[in-house]
Amino acid sequence: MTDIIASSFIFAGALFVFIGTLGLLRLPDVFCRGHALTKAMTLGTTFIFGGAMFFFDHQADAIKLFVAMAFQFATIPLSGHILGLVALRKNVPRFKHRDTLDC
Amino acid sequence: MTSPYICSILLNSAAVLLLAAILLTMVRLIKGPTVFDRILSFDGIGVSMIGLLVITSILWNSSQFLDAILVYCIFGFFGTVAFSYYLHLTYELEDSEEGSIND
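So the sequence lines, in the order shown, correspond to chains A and B. Numbering-wise, the first sequence is residues 1 to 103 according to my numbering. Numbering-wise, the second sequence is residues 1 to 103 according to my numbering.
Keep in mind the hints are simulated off the structure, nothing from the lab. Built from N, CA and C at the ideal position, the CB exists for glycine as well. Any given hint could turn out to be false.
[Said to hold, decoys possible] Heads up, incomplete: computed chain B residues facing chain A, CB under 7 angstroms, no partners named:
1. Leu17
2. Leu40
3. Ile58
[Stated by the list, open to error] These stretches of chain B come out as covered by chain A in the derived footprint (C-beta under 8 angstroms, 3 or more residues):
4. 3-14
5. 41-53
6. 63-73
7. 79-88
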């Protein structure tokens with residue numbers, strides 16, 4: 001039963017990563033794309049690592065997965081934020097209206 | 001329906017979803033109008049690869065990949081930060097020739 005719940009968590013995480021990728025593909029702007037991708041991927045990797053912790057017998061493996069989860073939870077929003085700051089400084093063409101859209 | 005069967009179905013479909021996420025991100029990596037979209041896609045591919053490594057280490061029952069997961073997390077984050085730093089050092093868009101950042 002634990003295995004089924006843990007693999008459901010992993011499936012939910014993969015679904016969130018996929019939805020974030022759809023946002024990256026469909027949204028019109030660098031900032032919108034970063035918004036979609038960063039938050040969905042943070043939630044998705046947290047789900048994936050949290051589900052994968054239940055599959056390993058040794059405690060050291062779960063600790064490694066927890067360290068990776070904490071690192072991803074801290075650094076994916078950070079890298080998205082840095083990239084958004086640089087894109088804002090560089091005057092990237094922004095989304096104004098639907099008719100002037102080229103993506 | 002036994003428990004390992006359902007587990008295997010869920011884990012394999014999660015791997016397929018992550019693979020589809022990598023393929024959709026590749027589209028944005030090739031098509032992206034600015035270089036920031038490409039860096040964002042790079043970040044997304046790294047996260048999806050980390051999820052695939054986690055699922056592979058569960059399906060093959062080996063803890064050899066966990067160190068690789070940690071190293072991959074760190075290098076993905078540092079790659080994004082390094083790209084952002086060197087783009088931050090380039091000229092502004094209105095000072096340079098038209099569309100030089102749009103390559």
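Notebook entry, point to check: What hint numbers does the structure not satisfy?
Noted result: none
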